[in-house]
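Make the full structure from the sequences, and use the hints.
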Amino acid sequence: MKKLFAPLLILTAAMFAYAPVAIQNAPYESTMGLVQKIFYFHVPSWFVMFSAAGVCGIGGAVYLFTGRKVADRVALAAAELAVVFGLMGLITGPLWGRKAWGVWWQWDARLTSALVMWLVFVAYLLLRKYGGAGSEKLSAVLALFGMANVPFVYLSVNLWRTVHPKTSVVMTLEPEMGRPFLLCSLAFMALFVLVLAARVRLENIRAAVDELYVAIED
Amino acid sequence: MRREIRFAVFVVFLGLFTVSALGQQPPQPPEGFVPASSVQGQEHLPAAPLVITAYSVVWLLVFGYLWSIWRRIAKAEGDLADVSRRVSASQRR
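Chains Z and A, in that order, give the protein sequences. Using my numbering, the first residue of the first sequence is number 17, and each one after it goes up by one. Using my numbering, the first residue of the second sequence is number -11, and each one after it goes up by one.
Bear in mind the hints are in silico, worked out from the structure with no lab data behind them. The structure displayed is predicted, hence computed values, not measured ones. One should not assume that every hint holds.
To be verified - Rough simulated footprint, nothing fancy, chain A against chain Z, three-plus residues with beta-carbon under 8 Å:
#1 53 to 60
#2 74 to 87
#3 95 to 108
#4 209 to 222
#5 225 to 233
Backbone N, C-alpha and C define an ideal beta-carbon position, used for all residues, glycine too.
Okay, structure coming up:
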């Protein structure tokens, strides 16, 4: 990862630098107009949130069943990313909805389940910070519940009646809208990999400091 | 009696026919045009401030989070160097 970090950082910066141009050149959607352009950052931020939830859940499961501490550190790092990118989606969504639906928030299946999933990861971080000794295993179980929410949140628009656009919107995008969306999605996923690597490094350094403190006390 | 029943059925059918015929009438043409600006209760919310706010929030969160990670890594590395010095000093003794 150390060798890949610098090239990936440059590539990500280049993609984010070009993203505003690509978004500006994308055509307006026929009914929503300009406000639909929030889509190009809103949906990729949820892609990252779902990926982070998946990594956190898998890390938690590996830690629960094997006891490998590195998996717990990856899970903790991913949980923080899930909260940050989920917050992005939860803020940009209502800004879009205010113009498109006329309301900031609607307690429908998609919006409510997404909020609940985000709250699960907030609870994970609170548990890690204030849970004391043994909170690692409890939080790993919480991470599994958080990960289990992902398919429900994703499919909620197809399963229940909701004001939110369906998942088919992404697959049926016109090429003029699809290309900037793909660019933004790739940029966000690359950013996710970079930030996750940096955040795991922070946990590794903290673990090394803790080990040294234990060595001093012994 | 039969004649009365027949008359009642005729009146009911006539009534139903009249109601359905009225329902199929084209809508009344407008008396005049009303400018959209004078319609009460309609909201004309500009999209640009919402889009600008959304993108600003995303950038602020990204840069804020990156800055937070960078600061925490710098602090953790400082702690690591400090503890490493203390460990090597205790080993020399």
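Here is how each hint holds up against the structure:
1. 53 to 60: holds (count 4)
2. 74 to 87: Violated - the region 74 to 87 of chain Z has 0 residues with a Cβ nearer than 8 Å to chain A, which falls short of three.
3. 95 to 108: holds (count 5)
4. 209 to 222: holds (count 7)
5. 225 to 233: Satisfied; 5 residues make the cut.
Going through the hint list in order, the structure does not satisfy hint 2, though it satisfies all others.
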